[in-house]
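At position 156 of the sequence shown the residue is numbered 156 (the numbering used here), and the sequence of numbers has no breaks.
By construction, these hints were calculated from the structure, which means they are not laboratory data. Ideal placement from N, C-alpha and C gives every residue a C-beta, glycine not left out. Every clue listed holds true.
FRET-style restraints, in silico, Cβ to Cβ: (1) Asp115 / Lys178: 43 to 49 Å; (2) Tyr61 / Ser39: 31 to 37 Å; (3) Ala75 / His168: 38 to 44 Å; (4) Lys178 / Ile104: 37 to 43 Å; (5) Ala75 / Ile104: 33 to 39 Å; (6) Ser67 / Lys130: 26 to 32 Å; (7) Ser205 / Leu140: 28 to 34 Å; (8) Ser67 / Lys178: 37 to 43 Å; (9) Lys187 / Leu140: 33 to 39 Å.
The calculated lysine-lysine pairs, modelled on DSS-like cross-linking and capped at a C-alpha distance of 25 Å, are: (10) Lys42 / Lys96; (11) Lys76 / Lys32; (12) Lys32 / Lys78; (13) Lys180 / Lys192; (14) Lys33 / Lys76; (15) Lys33 / Lys78; (16) Lys186 / Lys199.
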Amino acid sequence: MLYRVDGADLIDATYQLIGRLFMSMLALLERKKLLSKDSEIKNLDVVMAIFLEVAQGARCYGFLEDSATEALGPAKDKKTWQPDYFDNNIVAYARKYDIELTGIHGLEKLIEDADEDVDLPVPASNADDKADPFGFVKGLKAYKKEHGGITAFLAQTKKPNSVIGGDHLDISSWTSAKRKSKAFNKKDPLGKEELAALKEGAVLSLA
Numbered sequence: 001m002l003y004r005v006d007g008a009d010l011i012d013a014t015y016q017l018i019g020r021l022f023m024s025m026l027a028l029l030e031r032k033k034l035l036s037k038d039s040e041i042k043n044l045d046v047v048m049a050i051f052l053e054v055a056q057g058a059r060c061y062g063f064l065e066d067s068a069t070e071a072l073g074p075a076k077d078k079k080t081w082q083p084d085y086f087d088n089n090i091v092a093y094a095r096k097y098d099i100e101l102t103g104i105h106g107l108e109k110l111i112e113d114a115d116e117d118v119d120l121p122v123p124a125s126n127a128d129d130k131a132d133p134f135g136f137v138k139g140l141k142a143y144k145k146e147h148g149g150i151t152a153f154l155a156q157t158k159k160p161n162s163v164i165g166g167d168h169l170d171i172s173s174w175t176s177a178k179r180k181s182k183a184f185n186k187k188d189p190l191g192k193e194e195l196a197a198l199k200e201g202a203v204l205s206l207a
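Based on the sequences and whatever the hints tell you, model everything.
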């Protein structure tokens with residue numbers, strides 16, 4: 001659905017932030033000694049594979065293609081990574097901990113296309129609970145400041161440190177007049193039939 005958002009920079013930034021969050025999660029699992037082929041997190045191999053697909057799928061639409069690098073962990077470790085190519089680090093983690101990725105179609109090609117010869121955080125430098133080797137906290141702050149997130153896009157506003165998400169994005173709770181004001185064609189996309197279907201638990205899709 002992100003491909004339907006009229007704002008390429010925002011989509012790219014959102015994908016990168018998702019990558020930072022996922023990599024931060026893997027670093028946390030490593031810190032808690034839960035990153036292994038015998039991890040108590042039973043679907044870890046599948047979830048890691050899914051995020052390979054997320055990253056490389058985004059590139060089919062021209063996203064996540066910036067080759068810029070940044071520090072990975074504290075500067076003293078002299079490690080770097082490419083935020084737009086976080087799938088490389090996923091494969092590197094899988095190799096390091098002998099995790100056999102599985103569960104998605106075309107996985108072998110996804111692994112083949114990734115570069116596993118990349119840096120990973122130094123475990124000793126990632127021991128503190130506040131450690132943020134993949135820069136998610138900093139990235140989230142920049143995302144709010146520069147883009148205001150999807151929230152700002154939908155509300156057609158851009159404010160520093162905007163709140164991301166929330167019930168105010170539920171357009172079924174808006175008045176018809178408000179929905180019309182935000183629609184490109186100035187028509188209410190939700191009629192009585194659609195609103196009734198939503199209340200009954202139905203899912204609407206874009207034509």
